[in-house]
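With the sequences and hints as input, model every part of the structure.
Here is what each chain is made of, one letter per residue.
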Amino acid sequence: MVHAASKPPGEASAPAPDTQHQSFLVYDRLLYLKIAVAATIVAIVLYLAHRPDGTPYGGTWLGYGLGTVGALLILWLMWFGYRKRSYTANQGKLEAWLSAHVYLGLSLLVIATLHTGFHFGWNIHTLAYALMCVVILSGACGVFFYVYCPPLMTQNRRGATMTQMMTRIAALNDEITSKAMGLDNATVAILRRSTETTIVGGSFWQQLAGHYPDCTTAAALKAMTKIGTADGARADALRQIRMLLDEKAQLLGRARRDLGYKAMMDAWLYVHVPLSFGLLAALFAHVLSVFIFW
Amino acid sequence: MASEYAIAIIGSGPAGMSAAAHAAKLGVPHVLLERASHLNDTIFKYQKRKHVMATPDVLPLRSDLGFKAGQREEIIDGWTKGVESHGVKVRLNAEVASIKGERGNFQITLAGGDTLTADHVVLAIGVQGNLRKLTIPGAELPFVQYQLDDPDEYQGEEIIVIGTGDAGLENALALAVNNAVTVINRVADYPYAKPANAALIQAAIKKGDITAFVNSEPKAVEPGALVLSTADGEARVKTNRIIARIGALPPRKFVESCGIKFPSDSPTAYPQVSETYESMVPGLYIVGALAGYPLIKHCLNQGYEVVEYILGNKIPPADEPLLQAKLDKANVKATVPELITAIRERLPLFASLTTLQVREFLLGSELHQPRAGDVVFRRNDYTNSLYSILEGEIGIQVDPANPNQMVTIGAGQFFGEMGLISGRRRTATTVATRPSVLLEVDRNTMVRLVRSVPDVKAALDREAVSRQIRTYLAPTATDAILADVVRTAKVVEFKPNDVLIEEGAQDDAVFLLRKGSVTVSRRIGGKDVIIGYLPAGNYVGEMAMLMNARRAATVRAAVATEAIKIDSATFRTLVTEFPEVRRDVEKRLESRLIDLRRQEVGQQDGGLLEFLMRQGLGEATDVLLIDEALCVRCDNCEKACAETHHGISRLNREAGPTYGSMHVPTSCRHCEHPHCMKDCPPDAIHRATSGEVFIDDKCIGCGNCERNCPYGVIQLAAMPAEKPSLLSWLFLGQGPGPGEDRSPEGVAKRTGGKHAVKCDMCKGIDGGAACVRACPTGAAIRVNPERFVSVIRQVAP
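First to last, the protein sequences are chains A and B.
If you want my numbering, it's the 1-based position in the first sequence plus 6.
If you want my numbering, it's the 1-based position in the second sequence plus 1.
These are calculated hints, taken from the structure and not from any lab test.
Note that the Cβ used here is the ideal one computed from N, Cα and C, for glycine as well.
Possibly wrong hints are sitting among the right ones.
[Unchecked claim] Taking beta-carbon pairs under 8 Å as the criterion, some of the chain A residues facing chain B (in silico):
# : residue
1 : Tyr88
2 : Lys90
3 : Arg91
4 : Met271
[Said to hold, decoys possible] Below are the DSS-like pairs computed for lysine-lysine, each with C-alpha atoms no more than 30 Å apart in a straight line:
#  : chain 1 : residue 1 : chain 2 : residue 2
5  : B       : Lys764    : B       : Lys699
6  : B       : Lys208    : A       : Lys185
7  : B       : Lys496    : B       : Lys528
8  : A       : Lys185    : A       : Lys228
9  : A       : Lys90     : B       : Lys764
10 : B       : Lys755    : B       : Lys51
[Said to hold, decoys possible] In silico negatives: residues of chain A with every beta carbon more than 12 Å from chain B:
#  : residue
11 : Leu110
12 : Glu181
13 : Trp211
Here it is in structure tokens:
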């Protein structure tokens, strides 16, 4: 029997580096979720306990308090964009920041809503609130895609990198071209369209939707299948071309799905980031107008 | 002075030229005799544009001729100018036929019949004038040559290169660009060449650029062909040209004719010289390659020194100030010669070394003078140097839980060899128990010494084996009890995938792993399934011995591994005769059995473990892994790496294989015995105390490390231009963004030559590796061997 030794007396047990391996959603045993929930509960309890002179709104002491907390929170949440890129700064793991960003960002929804006292109207104040809601919801979409896409991407890649897939597609194109030699002109034309215009990416929307109605390879494969049987050497060539086209179509499908997943993980940012800057402007206007006109 | 010249210098290689230049500068009447029609025939015959190294790096140059690493042409040019400007009296086409006489009265007869007289003679003829030639039939045919000046002279030929030293391989590689080259190799690999050249030739053979005959020997040369005896019988290879680079030998006959005797009959023996380079003929001095020092810098220094010695100036060797500085730094009150004597007399490990060898390894050493109670190194430090005790006493804390329990060793002994051999962290803390003087030899220096001096290797192994057996098998046993076991123990080396123990076999030797790592596998359903991984410091196979059972599992080397094989019969006698040893061993056995059950990985996990081993993690000390189930492909890890390292990312996230969701990106594994460190001419690659393998500013961009790394994680890159601050980029759009300096302007601004860059684990940056810190989702992790199994359990598919 062969067996493993435990640490012999002198054997090193290396000082454990931080190899804690866990998703940002459960980081540090849900520390930031706990903080966010606690903050939300405190805000709700204060709101329920608060008996202002009139109806609750942003102008009471609690309203000002929640507003200040919310505004500071917005500034801090936006600082994440800067923090994410300051690679040399020693401010802890980015994972911790993201975990906090997600949970505290969600708690902002409650805190800011309580700050409004449920007063809405067609004004700058409600605009700021609405922008904030869209930003937070787009962020929630981001979280969903960040959890949903990665395992599917790995599965879809099957261990190949994008470059490897592209190289293989190029090789298939060459093979199809050489196999097509000696076939009739119409067939060659269809195959040439497939080998010469292979579109993998396309527009952002196309990538996201994964819809490629003009796919030349799919068209060629369809045409080749329609030709059906032939005789002798020609039949052999057609069969091989069909197989090559099929492999290419599979690869194209995988490459496009890969881009699709990537697009999903990017798409929400196109809402989240610009609108958060819009929110910043609206917030500034909101605070300014409160101090000047209230 | 009756003679024409005070000094006649024969041979105008680096040593001769340097001697002549110094004599000229001091105004000493001299002559420099050169057989060829130009100076410096050896370097002249180097392949065109060859990069000439200036090793040993730390040794200061002491010559009136300048020298630094560079191209053959630049170096020849510089020296020719130097010789002219110093007004050296040169006589070309002057082949010396004989030297007669002694100090004050030498007669030198030239081949043409001329005779010169001199008070002293410096023989600096090197060995390249006496190239080793083929002795097989047909070797005199005109298409057999022994040197190659310009590989570009030959185009479209079929060329055979015989000889697999550096010269032969460099010729073969250069010729292969325009010719069909065949290399004849007596063995299967390339032990006589630098690892980088061996790697290059193997790559060229794999690519089909060069054909190789291995395990083959030339038998005869025929017109237009070479006849070989190969493992499969005789072969006849067609060829236009044969280039044989099979070394050079001291020109023994000539040297003996001058009255000098050789110490042995071996054709590779060198004539003996004193510490002032004087031979047994008074007044006749020998310097350079003929004295056994083939490095150019040694030659230049000796040329300078020999002139000083002849003039009666006992100047200290060139490295004297460096060595003295080491003594002063450690505050040791002694001179360098005293230190050398002390080392040779007090340290048995180094007793067999010559003065020059001691001087050479001292350049890679440090002295320390700890007070009583000072810590020398701590457990888990990542230093791999070896310490010897010149004076005093050192305590080794054998039990980390109880620092007061120490084993003490005294003057003459060494310690720290476990780290040196295993390449892993220090296993115990050591403390000076009395005021001591310690000699610390750096890992690279020690590795070189062990490789070149068999006596040192033997002495080191003997002591290390005894200590390792004691530490890992029976800490309570005394040396006397273990003497038999130690005597019969052998160090066995295994290549990757070699089998140490075969499942079902009936042998019962015990293996104590001292370097590398192994995998443990069982046959399940007709397939070998890996169930465990064991790094150095563990032992395998003692259950079969203690329980008289067949082997229950197969143990294979995951990487190059060394194990101490302990003979079971002696060990069994030991445990029967000494019940306390048996109790000790059995206690450990039981605790390890329990541990094994905990460590063993499941059947699916075995696949992941096997995959990780295939990626070289068996020799890794710290590796970056990415859990693709969490990775959002934002490449923030790469950007963070680039941002913290001059805009050049040292990792490629996407590249590299994946198993299940475990991805091994192309990034440094910080190997236990780093392949990159094997052959670094300026000695620019180091391992930090905390384990990082890094490249310092001394890098010359030769690319050896890039070629030697089996994992492709080292790149040669030029440093990019400075970038604007992050805020200016973020708000004003100035300059390239984080990790994005790929713009043509950015690249164009990169200045200076290329340097090797690799992961340094963000050494010197607070907070640890930037790639892991910058991962927003927790997908990037750094793992060391101790944590493999737990990580595998977390992520196994």
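A/Glu181 and chain B, when compared Cβ to Cβ, separated by more than 12 Å: 23 Å, holds
Since A/Trp211 was said not to touch the interface, does its Cβ keep a gap of more than 12 Å from each Cβ of chain B? 20 Å, holds
Tell me if the straight-line CA distance from A/Lys185 to A/Lys228 falls inside 30 Å. This hinted pair holds, its Cα atoms lying about 17 Å apart.
Evaluation of the interface hint that places A/Arg91 against chain B, nearest CB under 8 Å: Because about 5 Å separates A/Arg91 from the closest Cβ in chain B, which is inside the 8 Å limit, the hint holds.
Starting from A/Lys90, check that the Cα of B/Lys764 is at most 30 Å away, please. 21 Å, holds
If you draw a straight line from the CA of B/Lys764 to the CA of B/Lys699, is it 30 Å or shorter? 17 Å, holds
Minimum C-beta separation from A/Leu110 to chain B exceeding 12 Å: can you confirm that? 15 Å, holds
Check the hint pairing B/Lys755 with B/Lys51 against an upper bound of 30 Å on the C-alpha distance. 18 Å, holds
A/Met271 as an interface hint toward chain B, with CB separation required under 8 Å: Hint holds; A/Met271 Cβ to chain B Cβ min 5 Å, cut 8 Å.
Quick one, are B/Lys208 and A/Lys185 close enough, alpha carbons at most 30 Å? Holds - the C-alpha atoms of A/Lys185 and B/Lys208 are around 28 Å apart, at most 30 Å.
Given hint A/Tyr88 near chain B, where the shortest CB pair must fall under 8 Å: Check passed: Cβ of A/Tyr88 comes within 7 Å of chain B, closer than 8 Å.
Is the hint on A/Lys90 kept, meaning its closest Cβ partner in chain B is under 8 Å away? 7 Å, holds
Against the hints set out earlier in the document, no violation occurs for any number.
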